[in-house]
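Chemist: Please work from the sequences and hints to get the whole structure.
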Amino acid sequence: MLYREAGDFSTSYTADNQTFPIKFDRYRYYFILVIAFLVIPFFINDYWANAILVPFLIYSIAAIGLNILTGYCGQVSLGTGGFMAVGAYSFYKLMTAFPEISIMLHVLLSGCVTAVVVTLFGLPSLRIKGFYLAVATLAAQFFLVWMFNKVPWFYNYSMTGMIGSPERTVLGIVVTGPHTDAWAQYFVCLIFVTLCAVMARNLTRGSVGRKWMAIRDMDIAAEIIGVNPLKAKLSAFAVSGFFIGIAGALYFGVFLGAVEVTEAFGIEKSFMVLFMIIIGGLGSIFGSFAGAAFMVLLPVFLKNVFVGGLGWPTDLAAHLNFVIAGGLIIMFLILEPHGLAQLWRVAKEKLRLWPFPH
Amino acid sequence: MNNVSQGDFVTSDGRSIGSALMEMQNITLKFGGVVALENISFDILEGEVRAIIGPNGAGKSSMLNVISGFYVPQEGQVLYRGSLRPTMKPFQVATHGIARTFQNIALFEGMSVLDNVMTGRITKMKSGIFSQMIWKGRAEREENENREVVEKIIDFLEIQAIRKTPVSRLPYGLKKRVELARALAAEPSLLLLDEPMAGMNVEEKEDMSRFILDVNSEFGTTIALIEHDMSVVMDLSDRVVVMDYGKKIGDGTPDEIRNNQAVIDAYLGVSHD
Amino acid sequence: MPDKVLFAMEVMLNGLMAGVLYSLVALGFVLIFKASGIFNYAQGVMALFAALTLVGIKDGQIPFAHLINAIFGTNIHHFGWHLPAFVAIIFTAIVMIGFAWLVQRFIFRHLVNQEPIILFMATIGLAYFLEGVGDLMWGSDIKKLDVGIPKGMNETIELLTYNRFGYGFFIDNLDIFASFLAVILVLVLVGFSQYTKQGRALRAVADDHQAALSVGISLGYIWVLVWSIAGFVALVAGIVWGAKSGVQFSLSLIALKALPVLMLGGFTSIPGAIVGGLIIGVGEKLFEFLVGPMIGGATENWFAYVLALLFLVFRPQGLFGERIIERV
Numbered sequence: 028m029l030y031r032e033a034g035d036f037s038t039s040y041t042a043d044n045q046t047f048p049i050k051f052d053r054y055r056y057y058f059i060l061v062i063a064f065l066v067i068p069f070f071i072n073d074y075w076a077n078a079i080l081v082p083f084l085i086y087s088i089a090a091i092g093l094n095i096l097t098g099y100c101g102q103v104s105l106g107t108g109g110f111m112a113v114g115a116y117s118f119y120k121l122m123t124a125f126p127e128i129s130i131m132l133h134v135l136l137s138g139c140v141t142a143v144v145v146t147l148f149g150l151p152s153l154r155i156k157g158f159y160l161a162v163a164t165l166a167a168q169f170f171l172v173w174m175f176n177k178v179p180w181f182y183n184y185s186m187t188g189m190i191g192s193p194e195r196t197v198l199g200i201v202v203t204g205p206h207t208d209a210w211a212q213y214f215v216c217l218i219f220v221t222l223c224a225v226m227a228r229n230l231t232r233g234s235v236g237r238k239w240m241a242i243r244d245m246d247i248a249a250e251i252i253g254v255n256p257l258k259a260k261l262s263a264f265a266v267s268g269f270f271i272g273i274a275g276a277l278y279f280g281v282f283l284g285a286v287e288v289t290e291a292f293g294i295e296k297s298f299m300v301l302f303m304i305i306i307g308g309l310g311s312i313f314g315s316f317a318g319a320a321f322m323v324l325l326p327v328f329l330k331n332v333f334v335g336g337l338g339w340p341t342d343l344a345a346h347l348n349f350v351i352a353g354g355l356i357i358m359f360l361i362l363e364p365h366g367l368a369q370l371w372r373v374a375k376e377k378l379r380l381w382p383f384p385h
Numbered sequence: 009m010n011n012v013s014q015g016d017f018v019t020s021d022g023r024s025i026g027s028a029l030m031e032m033q034n035i036t037l038k039f040g041g042v043v044a045l046e047n048i049s050f051d052i053l054e055g056e057v058r059a060i061i062g063p064n065g066a067g068k069s070s071m072l073n074v075i076s077g078f079y080v081p082q083e084g085q086v087l088y089r090g091s092l093r094p095t096m097k098p099f100q101v102a103t104h105g106i107a108r109t110f111q112n113i114a115l116f117e118g119m120s121v122l123d124n125v126m127t128g129r130i131t132k133m134k135s136g137i138f139s140q141m142i143w144k145g146r147a148e149r150e151e152n153e154n155r156e157v158v159e160k161i162i163d164f165l166e167i168q169a170i171r172k173t174p175v176s177r178l179p180y181g182l183k184k185r186v187e188l189a190r191a192l193a194a195e196p197s198l199l200l201l202d203e204p205m206a207g208m209n210v211e212e213k214e215d216m217s218r219f220i221l222d223v224n225s226e227f228g229t230t231i232a233l234i235e236h237d238m239s240v241v242m243d244l245s246d247r248v249v250v251m252d253y254g255k256k257i258g259d260g261t262p263d264e265i266r267n268n269q270a271v272i273d274a275y276l277g278v279s280h281d
Numbered sequence: 072m073p074d075k076v077l078f079a080m081e082v083m084l085n086g087l088m089a090g091v092l093y094s095l096v097a098l099g100f101v102l103i104f105k106a107s108g109i110f111n112y113a114q115g116v117m118a119l120f121a122a123l124t125l126v127g128i129k130d131g132q133i134p135f136a137h138l139i140n141a142i143f144g145t146n147i148h149h150f151g152w153h154l155p156a157f158v159a160i161i162f163t164a165i166v167m168i169g170f171a172w173l174v175q176r177f178i179f180r181h182l183v184n185q186e187p188i189i190l191f192m193a194t195i196g197l198a199y200f201l202e203g204v205g206d207l208m209w210g211s212d213i214k215k216l217d218v219g220i221p222k223g224m225n226e227t228i229e230l231l232t233y234n235r236f237g238y239g240f241f242i243d244n245l246d247i248f249a250s251f252l253a254v255i256l257v258l259v260l261v262g263f264s265q266y267t268k269q270g271r272a273l274r275a276v277a278d279d280h281q282a283a284l285s286v287g288i289s290l291g292y293i294w295v296l297v298w299s300i301a302g303f304v305a306l307v308a309g310i311v312w313g314a315k316s317g318v319q320f321s322l323s324l325i326a327l328k329a330l331p332v333l334m335l336g337g338f339t340s341i342p343g344a345i346v347g348g349l350i351i352g353v354g355e356k357l358f359e360f361l362v363g364p365m366i367g368g369a370t371e372n373w374f375a376y377v378l379a380l381l382f383l384v385f386r387p388q389g390l391f392g393e394r395i396i397e398r399v
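Protein chains in written order, with the working numbering: chain A, 28 to 385; chain B, 9 to 281; chain C, 72 to 399.
Any given hint could be a false lead.
[Stated by the list, open to error] Which bits of chain A does chain B cover? Going by a derived footprint, with three or more residues having C-beta under 8 angstroms, they are:
#1 217-231
#2 236-250
#3 322-334
Treat the hints as calculated values from the structure; they're not laboratory data.
For each residue, glycine too, the CB sits at the ideal point set by N, CA and C.
Modeler: Laid out in structure tokens, this is it:
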């Protein structure tokens with residue numbers, strides 16, 4: 028009785044094309060926005076910010092980025108960790124070189140730098156496809172991590188080789204560095220998430236998105252109907268890099284505050300984000316969020332239940348994490364290759380008919 | 009829509025067909041040692057329905073690929089509206105007014121019917137990435153304008169009810185229709201159809217034939233089609249090219265072809281010495 | 072002969088040995104890919120798991136001891152036996168066959184008509200899953216693996232080269248043994264593939280699933296066979312690498328190293344896996360030796376990938392791979 032479309036017609040293409048054509052969906056979306064922007068900042072504490080919300084928001088951005096490249100455009104990438112590192116180190120260099128300029132701008136610029144780098148590493152995609160491309164992105168992953176480790180200019184010649192985020196403010200509020208309030212961290216990430224999600228949504232519903240999906244589904248046919256494969260693929264790499272770079276910058280600057288590159292941006296990161304988009308749903312913005320939420324919450328859940336609840340040693344919980352994550356990947360691929368997003372869509376379809384069975 | 013001022017050919021039902029839209033001159037196409045097409049020449053007049061027929065393996069699909077620019081012949085040239093067509097990358101051919109359908113359906117299985125047909129408009133949609141990121145304003149306007157064109161085609165081919173369905177769920181006959189819609193969306197001057205009737209029953213064939221004829225008469229689109237069903241060919245086409253073993257063995261109206269000894273031999277399988 | 076050249080020769084020889092080991096892992100990939108179109112990312116973790124199981128069986132560890140202790144509050148760790156290496160290897164091989172059967176039955180049977188990328192991601196999931204299971208079963212601490220392979224510097228070679236060049240090459244016995252093992256393994260596999268009924272069936276399946284089915288070959292059986300062989304190859308790789316540097320997580324990263332080998336050699340070629348492995352092995356070590364010191368060292372982390380990447384740009388199918396022809 029709640030979830031109805033009756034009487035809810037679109038009378039224009041604009042209306043038909045909107046993100047949430049069903050009124051109920053739209054109101055739910057506004058409601059979530061209100062909670063996110065106006066309620067949570069007042070109730071958030073350090074634990075919730077650091078363990079759950081901030082990583083969730085940041086990984087959502089990375090997942091959207093990878094989803095655009097892999098889910099929408101079909102170019103498999105295992106270099107997400109390395110690309111996030113590019114974002115982080117660009118942010119660091121910009122922050123330290125131009126301290127007067129707002130970090131909000133620096134984050135965007137880091138995204139742009141990453142977009143360029145990722146596009147460069149995407150050039151082989153014109154000749155190489157599928158697995159071969161995935162392995163080629165591994166070249167990017169390993170090379171970038173090595174580079175940030177070995178070339179001292181990137182970490183401003185510090186002794187430790189680590190980079191640390193200096194304290195910066197936006198509109199007088201501290202947002203980076205050790206004295207940041209939980210709500211400030213959260214809010215900065217929230218702003219970028221909203222921005223990125225809107226941009227991604229717009230891109231994927233227009234002709235750019237269709238070009239990407241055409242390349243993914245049948246690149247030869249796409250070419251024949253007029254898609255320039257070079258431009259389409261590189262644009263996917265660029266946009267993806269932009270988002271992943273922003274995620275990397277926020278991951279270092281706002282979330283962790285200090286990183287050691289091999290630990291923070293190693294290949295496990297690449298797999299983690301890939302798992303997010305598989306579990307969440309390839310080719311779906313909502314799926315990127317769902318997958319990110321899942322992968323962030325899983326270890327927290329396991330830790331709370333097994334270590335906190337049953338008193339098991341932490342390494343057991345960590346191993347279980349692997350087992351469950353791996354097992355779920357397989358399960359999703361067998362049962363629902365379109366991930367949580369598809370499960371959600373199916374649930375909504377059922378809801379539209381409820382309480383009728385058909 | 010088509011220029012009949014230089015009409016030098018009148019069809020059996022009295023329509024005046026225009027000048028040559030495309031001319032193949034001495035096309036030879038080889039794949040390594042295999043000669044797919046040998047010294048083939050024929051033309052396609054503007055506004056006509058031209059059938060390309062022949063036994064299996066005659067090289068018809070290769071010919072279509074040469075016309076569409078996907079294959080570059082080793083010898084010979086292709087003229088478009090009287091001037092030599094330069095060698096182009098496949099994606100550039102689409103901007104020159106040629107659209108095609110495929111023998112084995114080449115739809116984008118991850119998208120809906122509407123999105124698939126909208127991809128046909130890709131060459132007409134110019135707004136760049138940055139305007140699309142913002143969406144409101146230029147990108148949205150362009151999307152709506154092109155949507156209107158696409159909806160007209162969807163109406164024309166009677167697929168309104170399935171416009172939001174993912175194409176992977178459609179039955180074969182409807183997929184073929186969606187592919188035709190996608191080709192039409194590009195507003196081509198030349199439409200290449202690769203076995204549009206393959207795998208259809210009598211009713212579906214009648215529907216598809218009706219659509220093809222409507223496209224030709226209402227939009228004036230020149231059509232070149234490969235087809236095996238002789239009755240379809242005789243009914244639909246204005247002129248026919250017959251191929252066998254990579255060579256042209258007949259060229260004329262359906263009636264002329266029907267009585268051509270070489271064609272009869274090819275179809276009945278008389279051995280070649 | 073000048074010192075630098077001698078060093079370089081020694082480096083090259085060691086590179087060849089390393090290359091042989093890469094080839095070993097790459098072989099496992101090629102086998103599975105040829106027969107089922109699946110690119111088995113889990114091959115490296117399979118090697119790790121095989122090594123862990125071997126040590127566990129040999130030293131009488133109780134599987135899942137850690138977990139059992141946590142659930143039931145017990146404190147058990149060992150059965151108390153020590154098996155001879157040979158026996159333990161046999162048991163481990165049986166375990167790997169069982170694993171192959173499980174993988175086929177529960178995972179890949181359900182993914183039969185899926186796109187390659189889905190299959191690939193399934194093997195990534197499998198890799199994580201297996202790693203977690205391996206750790207839960209046997210614990211994640213580093214283990215020593217000793218199955219009686221001769222170790223340490225080979226004195227004969229050292230003496231020979233010293234007499235000839237005035238500088239004794241340091242070539243580890245273990246590496247020599249591994250090379251022999253790999254050569255034997257390759258010969259056995261090639262022989263199996265070419266001369267036995269099963270091998271023929273395998274090649275048939277690799278060529279065309281439908282056709283193979285139509286002549287009565289059971290796909291399921293073939294795939295269990297393939298995964299078992301891959302498991303066996305993983306076991307050999309696990310033993311060799313494990314003896315070399317201990318049984319630990321980093322073993323699974325060897326799989327990642329095998330990827331550039333495959334890119335170079337082509338995914339479907341057994342000789343390609345060998346040649347690719349050797350090229351990468353030698354190339355890596357030489358590059359690090361010659362160029363490494365100038366740019367900070369540790370170039371082995373990425374050199375193989377960049378080399379393979381550059382190679383692929385010019386020859387997308389690798390050295391021996393099949394030309395990819397796309398038709399509409």
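Chemist: Okay, the segment 236-250 of chain A and chain B, do three or more residues pass the C-beta test at under 8 angstroms?
Modeler: Held - the segment 236-250 of chain A has 11 residues with a Cβ nearer than 8 angstroms to chain B, which meets the minimum of three.
Chemist: When I compare C-beta atoms, does the segment 217-231 of chain A have three or more residues closer than 8 angstroms to chain B?
Modeler: holds (count 3)
Chemist: Count residues of the segment 322-334 of chain A with a Cβ under 8 angstroms from any Cβ of chain B, then say if the count reaches three.
Modeler: violated (count 0)
Violated hint: 3 only; the structure is consistent with all others.
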